[in-house]
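J.: Protein chains in written order, with our numbering: chain A, 1 to 481; chain B, 1 to 287; chain C, 1 to 321.
Simulated from the structure, these hints should not be mistaken for laboratory data. One or more of the hints may lead you astray.
[To be verified] The calculated PhoX-like cross-link candidates involving lysine-lysine, where the alpha carbons are at most 25 angstroms apart (straight line), are: (1) LYS296(C) x LYS268(B); (2) LYS460(A) x LYS444(A); (3) LYS125(A) x LYS101(B); (4) LYS400(A) x LYS268(B).
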Amino acid sequence: MNPAPFEKYKTEDFFDEMFGNSSGEPLLHYQKIFDRISRLTPVEIAEKRSHADSSFLEHGITFTVYGDEEGTEKIFPFDLIPRIIPRAEWEIVEQGLTQRILALNLFLNDIYHDGKILSDGVIPKEIVYSSPNYRREMVGIDVPKDIYVHVCGSDLIRDETGAYYVLEDNARCPSGVSYLLENRQIMKRTFPQTFQGMSVRSVELYPEILLSTLEYLSPRRSQKPVCVVLTPGIYNSAYFEHTFLARQMGIEIVEGRDLIAIDGYVYMRTTHGLVQVDVIYRRLDDDFLDPLFFNKDSTLGVAGLMDAYLKGNVALANGIGTGVADDKVTYAYVPEMIRYYLGQDPILPNVPTYLCWRESDRDHVLENLENLVVKPANESGGYGLLVGTDSTKKEREEYKERIKSNPRDFIAQPIVSLSRHPTIFEDSIEGRHVDLRPFILYGKDIDIVPGGLTRVALRKDSLVVNSSQGGGSKDTWVLEN
Amino acid sequence: MRLYVFHQTKYRYPSPVKDSFNELRLYPISNEWQKCESCFIHVLPSTQLQQYLDLNGNIVNHFEIPQDHSKLIIESRSTVTTHSRVDFNALPYGKKMSTLKKMQGQSEARPYLQSSSFVEINPESWRLAVDVQADSQDIFQTAYMIMEFIFQNFEYSNSITSVETHGNQALKLRKGVCQDFAHAALVLCRCLSIPARYVSGYVFDRTRDQSMRGAEASHAWIEVLVNGFGWFGLDPTNNQVVDENYIVLGTGMDYKDVAPVTGTYFGKPPKSMEVNVTVKRMDSSDR
Amino acid sequence: MLSRVADNLYWMNRYVERAESLARVVEVNQDNLLELDDNIELDRFWLSSIHAFHAHEYIDHEKESSAECFFLFSDSWPSSIRNCIFSARENARMVRDQLSEEIWVELNSIYHFFRSKDAEVSFDQTPQQFFQKVIRFSLVFQGLSDATVNHDEGWLFMSLGKYLERADQTSRALDALTLKEKKPSRKDLIAALRICSALSAFRRQYRGELSLRNVAEFLLFSQDFPRSMRFAIRRIDSNLHELSGVPSGNFSNEAERLAGSALAAVNFTNIDAVLARGLHLSLDELQLSLMDVGQKIFETYVMSPLELQNVNDDQSMQAQQ
Numbered sequence: 001m002n003p004a005p006f007e008k009y010k011t012e013d014f015f016d017e018m019f020g021n022s023s024g025e026p027l028l029h030y031q032k033i034f035d036r037i038s039r040l041t042p043v044e045i046a047e048k049r050s051h052a053d054s055s056f057l058e059h060g061i062t063f064t065v066y067g068d069e070e071g072t073e074k075i076f077p078f079d080l081i082p083r084i085i086p087r088a089e090w091e092i093v094e095q096g097l098t099q100r101i102l103a104l105n106l107f108l109n110d111i112y113h114d115g116k117i118l119s120d121g122v123i124p125k126e127i128v129y130s131s132p133n134y135r136r137e138m139v140g141i142d143v144p145k146d147i148y149v150h151v152c153g154s155d156l157i158r159d160e161t162g163a164y165y166v167l168e169d170n171a172r173c174p175s176g177v178s179y180l181l182e183n184r185q186i187m188k189r190t191f192p193q194t195f196q197g198m199s200v201r202s203v204e205l206y207p208e209i210l211l212s213t214l215e216y217l218s219p220r221r222s223q224k225p226v227c228v229v230l231t232p233g234i235y236n237s238a239y240f241e242h243t244f245l246a247r248q249m250g251i252e253i254v255e256g257r258d259l260i261a262i263d264g265y266v267y268m269r270t271t272h273g274l275v276q277v278d279v280i281y282r283r284l285d286d287d288f289l290d291p292l293f294f295n296k297d298s299t300l301g302v303a304g305l306m307d308a309y310l311k312g313n314v315a316l317a318n319g320i321g322t323g324v325a326d327d328k329v330t331y332a333y334v335p336e337m338i339r340y341y342l343g344q345d346p347i348l349p350n351v352p353t354y355l356c357w358r359e360s361d362r363d364h365v366l367e368n369l370e371n372l373v374v375k376p377a378n379e380s381g382g383y384g385l386l387v388g389t390d391s392t393k394k395e396r397e398e399y400k401e402r403i404k405s406n407p408r409d410f411i412a413q414p415i416v417s418l419s420r421h422p423t424i425f426e427d428s429i430e431g432r433h434v435d436l437r438p439f440i441l442y443g444k445d446i447d448i449v450p451g452g453l454t455r456v457a458l459r460k461d462s463l464v465v466n467s468s469q470g471g472g473s474k475d476t477w478v479l480e481n
Numbered sequence: 001m002r003l004y005v006f007h008q009t010k011y012r013y014p015s016p017v018k019d020s021f022n023e024l025r026l027y028p029i030s031n032e033w034q035k036c037e038s039c040f041i042h043v044l045p046s047t048q049l050q051q052y053l054d055l056n057g058n059i060v061n062h063f064e065i066p067q068d069h070s071k072l073i074i075e076s077r078s079t080v081t082t083h084s085r086v087d088f089n090a091l092p093y094g095k096k097m098s099t100l101k102k103m104q105g106q107s108e109a110r111p112y113l114q115s116s117s118f119v120e121i122n123p124e125s126w127r128l129a130v131d132v133q134a135d136s137q138d139i140f141q142t143a144y145m146i147m148e149f150i151f152q153n154f155e156y157s158n159s160i161t162s163v164e165t166h167g168n169q170a171l172k173l174r175k176g177v178c179q180d181f182a183h184a185a186l187v188l189c190r191c192l193s194i195p196a197r198y199v200s201g202y203v204f205d206r207t208r209d210q211s212m213r214g215a216e217a218s219h220a221w222i223e224v225l226v227n228g229f230g231w232f233g234l235d236p237t238n239n240q241v242v243d244e245n246y247i248v249l250g251t252g253m254d255y256k257d258v259a260p261v262t263g264t265y266f267g268k269p270p271k272s273m274e275v276n277v278t279v280k281r282m283d284s285s286d287r
Numbered sequence: 001m002l003s004r005v006a007d008n009l010y011w012m013n014r015y016v017e018r019a020e021s022l023a024r025v026v027e028v029n030q031d032n033l034l035e036l037d038d039n040i041e042l043d044r045f046w047l048s049s050i051h052a053f054h055a056h057e058y059i060d061h062e063k064e065s066s067a068e069c070f071f072l073f074s075d076s077w078p079s080s081i082r083n084c085i086f087s088a089r090e091n092a093r094m095v096r097d098q099l100s101e102e103i104w105v106e107l108n109s110i111y112h113f114f115r116s117k118d119a120e121v122s123f124d125q126t127p128q129q130f131f132q133k134v135i136r137f138s139l140v141f142q143g144l145s146d147a148t149v150n151h152d153e154g155w156l157f158m159s160l161g162k163y164l165e166r167a168d169q170t171s172r173a174l175d176a177l178t179l180k181e182k183k184p185s186r187k188d189l190i191a192a193l194r195i196c197s198a199l200s201a202f203r204r205q206y207r208g209e210l211s212l213r214n215v216a217e218f219l220l221f222s223q224d225f226p227r228s229m230r231f232a233i234r235r236i237d238s239n240l241h242e243l244s245g246v247p248s249g250n251f252s253n254e255a256e257r258l259a260g261s262a263l264a265a266v267n268f269t270n271i272d273a274v275l276a277r278g279l280h281l282s283l284d285e286l287q288l289s290l291m292d293v294g295q296k297i298f299e300t301y302v303m304s305p306l307e308l309q310n311v312n313d314d315q316s317m318q319a320q321q
């Protein structure tokens with residue numbers, strides 16, 4: 001007889017999503033999945049895997065890797081064992097995220113208007129004003145419904161005790177929600193029976209809610225708003241997601257050249273002439289939106305778009321200048337924002353963060369580089385970070401120079417030993433580090449899709465889960481009871 | 001001193017273009033050292049100009065030409081009175097480099113301490129800046145040393161760089177025109193956390209042998225902020241502190257913020273551009 | 001629908017159709033070559049094809065190993081089969097959400113075939129199979145377009161692309177006969193028919209009476225043969241009217257007007273009149289009027305005329321000195 005799949009499984013010193021801190025017995029909410037997988041033979045597992053893989057291929061669920069010749073399309077690897085979050089735990093996460101997106105939006109509204117939080121000395125002015133993503137153009141501008149961040153993806157991790165922490169917020173163009181939705185589809189096709197009796201909360205409503213979030217922003221009340229998804233084009237790493245969302249919402253996916261701004265309004269060029277656009281779900285960074293305002297060389301944007309936006313004739317989701325909220329230096333102050341604007345204690349804590357900008361912190365960072373993760377303040381996708389324990393002396397020396405020359409651009413955090421999750425490999429099941437990116441929509445209400453995208457670092461011992469750095473993903477279940 | 005400036009920019013297109021959107025920063029600002037008495041801007045094909053102030057307080061004229069046109073002429077004629085901006089016997093020495101830290105929160109300083117389109121703070125230029133600073137602990141003295149360093153080590157040449165040359169690249173090449181000199185100076189100042197901004201304008205050449213650089217075109221230099229004293233102009237192209245021979249059009253983080261003419265249009269790319277600048281003194285016969 | 005999407009669908013189909021036609025041209029010519037033995041004749045043979053495709057300015061005799069390879073794999077000539085396949089896929093990639101999965105898979109697999117060395121190897125070792133692969137791809141693609149895509153606005157643009165290209169290719173095949181220095185031989189006539197895969201249809205109608213007059217009449221005026229000029233122009237005309245909803249015989253834009261007039265031109269003339277004016281001249285006029293139709297479709301539905309040749313450009317900036 002074949003050995004049972006979990007026979008050799010070790011949780012080591014990490015918090016394991018399935019087994020907690022002990023070995024052997026799965027946590028209660030994982031019991032059914034554990035039983036189900038334990039009954040599978042290696043052959044069956046292999047069959048399920050290849051079935052899932054081919055589903056991804058057939059559906060063309062791919063992303064593009066940068067720095068690769070002509071932008072190769074790759075599949076985002078998918079692991080069959082779902083990550084499960086019990087209801088009570090999820091409710092806390094949900095409350096914590098709601099608190100966070102409210103505070104971030106109040107913060108943005110504040111700094112682009114009166115700047116009270118700055119004059120009250122809660123957050124140092126220079127932090128905000130020195131952020132490259134702070135947009136002076138937005139000062140004094142009122143945005144529709146005072147909402148800046150309509151779509152937010154916050155990355156959560158768990159430490160060795162299983163406690164949740166927020167690692168970062170993505171308040172510009174968070175991506176990954178299409179994988180979340182596709183993962184669920186493929187999971188249902190691969191393991192139809194396992195969903196029975198589990199009361200897994202559905203995620204399918206996301207596109208619908210996203211669309212109503214967008215429509216809520218429309219400056220024209222009189223008629224059905226015209227919403228579009230603005231993509232940088234087929235070479236963007238998330239192009240698949242852009243088309244996916246447009247299709248699911250039943251709206252057009254446009255590139256900059258499909259739009260034209262005339263007299264302060266934005267139109268799209270169709271075979272039946274120009275059609276006025278009300279809301280743009282833009283998946284393009286601020287810098288590229290309007291060559292007249294921002295990056296002059298950008299051919300991706302629309303000349304005159306900013307003019308229309310500032311006049312209030314077209315709404316953008318997310319708004320302009322939200323990048324200052326996901327700056328990793330600003331991140332360190334989110335708990336302060338929550339206390340300041342909401343008068344509450346933060347439900348989800350931050351990972352302790354050293355700001356190289358502060359002299360005392362900087363000295364600590366420079367002396368303890370080998371035990372820290374250092375991140376550029378304004379990069380996403382896991383680009384440019386230094387994991388102290390994995391670095392060579394030479395890399396650390398180079399990094400020190402970079403920190404010294406521009407301390408504002410770097411933060412450091414202690415290396416959190418992320419929780420692990422059983423993950424299927426060729427002939428074994430092994431623990432791999434995971435994080436969780438829930439997606440928060442803020443329109444008329446705040447909606448958080450149950451669960452989120454669980455990303456898994458497929459390389460052994462790696463803590464980097466980004467798709468561009470060899471990560472994979474899992475379906476994420478939030479249980480109804 | 002009363003100065004008159006004529007600045008003409010001519011574009012020729014090989015075939016008609018249309019939908020031209022443009023912004024001009026050709027209107028001299030008025031402040032305590034200079035007063036713009038008059039400024040007439042004239043565009044052909046004729047069109048209506050709109051005026052607004054940008055975020056840096058510069059005067060911007062905006063216009064659109066929707067119809068077909070195969071040439072575009074932009075002319076400005078300004079009369080400006082300038083006053084001596086610095087007392088050479090009382091230059092703002094005495095502010096310590098260590099006080100710079102306090103300035104980071106000042107809204108006046110904040111945009112001019114960071115990387116911008118033409119200026120990048122990176123380890124390489126930071127090391128160079130630290131070398132140039134040597135053991136100077138004084139803000140103005142350090143800025144002055146940066147200006148001198150650039151003047152002495154850079155070769156003035158208008159065939160090496162282009163309007164798009166990045167400040168850090170200019171710093172490597174050690175060659176270029178006033179725009180590159182100014183950008184390079186900004187890189188070094190900002191690496192040392194000295195607030196420094198780019199100035200676009202004109203210079204009147206009062207020398208007997210017409211040896212000033214940049215008098216035949218629009219000129220550029222930098223200004224550094226010394227706390228308690230305000231902004232001081234330094235011209236690394238001519239190695240001098242800016243005085244009443246200079247006219248300021250506008251200031252910004254770098255060239256991108258103050259380019260005299262920017263815009264887009266629909267049409268074929270190859271084109272020619274011709275620029276003429278004349279600066280004359282009006283209140284004296286010494287020229 | 002978005003103008004750009006319409007444009008991408010149109011060009012995707014044009015390029016697929018073009019690749020197929022080209023595959024037939026090279027295949028048929030290559031067959032005929034087997035019977036030739038002297039090089040001068042061989043060169044002359046290819047020259048007429050190259051001229052019919054207006055490709056002479058792209059050919060670099062130093063670089064190309066052979067005329068066939070130029071037609072099939074040239075990087076410099078935008079209409080080489082390889083470039084056609086690449087362009088078709090590029091257009092498809094931008095509108096993937098409008099296509100069926102099956103179409104994408106077909107296009108993607110032929111793209112990978114041409115991207116790898118497989119295409120050259122296959123042509124070298126088993127040319128017959130190589131040509132069949134390209135032609136079959138195009139036929140499968142067309143079948144899938146008809147069977148797996150909604151016949152909506154987008155489909156009409158796909159169809160327009162296909163028939164405009166087809167009419168153009170048929171006229172080129174006929175024109176190649178007039179460009180020969182000598183009166184076209186029996187072999188030349190058969191080649192023209194085979195390029196349009198019209199040999200058996202022609203034989204059925206004309207019972208083997210092979211003459212320039214008959215071949216031209218068939219390829220220009222056949223009511224039913226799907227690669228004749230008349231058939232293609234009729235489809236273009238009806239597609240355009242379906243697109244605008246204006247009844248046939250009327251017009252609401254320049255594209256409709258020109259297509260209607262091209263249709264009238266082939267409907268209300270005959271082979272004798274054409275030969276009297278000169279076949280080459282008549283074909284030339286027809287080609288030009290179809291190019292105009294393509295142009296006007298673009299102007300009407302995609303972009304305004306000026307934007308056609310132009311790009312959005314930045315005003316030059318003056319360096320400060």
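J.: If a hint holds in the structure, say so; if it doesn't, say that too.
T.: Taking the hints in turn, this is what the structure says about them:
{"no.": "1", "hint": "LYS296(C) x LYS268(B)", "verdict": "holds (21 angstroms)"}
{"no.": "2", "hint": "LYS460(A) x LYS444(A)", "verdict": "violated (43 angstroms)"}
{"no.": "3", "hint": "LYS125(A) x LYS101(B)", "verdict": "holds (13 angstroms)"}
{"no.": "4", "hint": "LYS400(A) x LYS268(B)", "verdict": "violated (48 angstroms)"}
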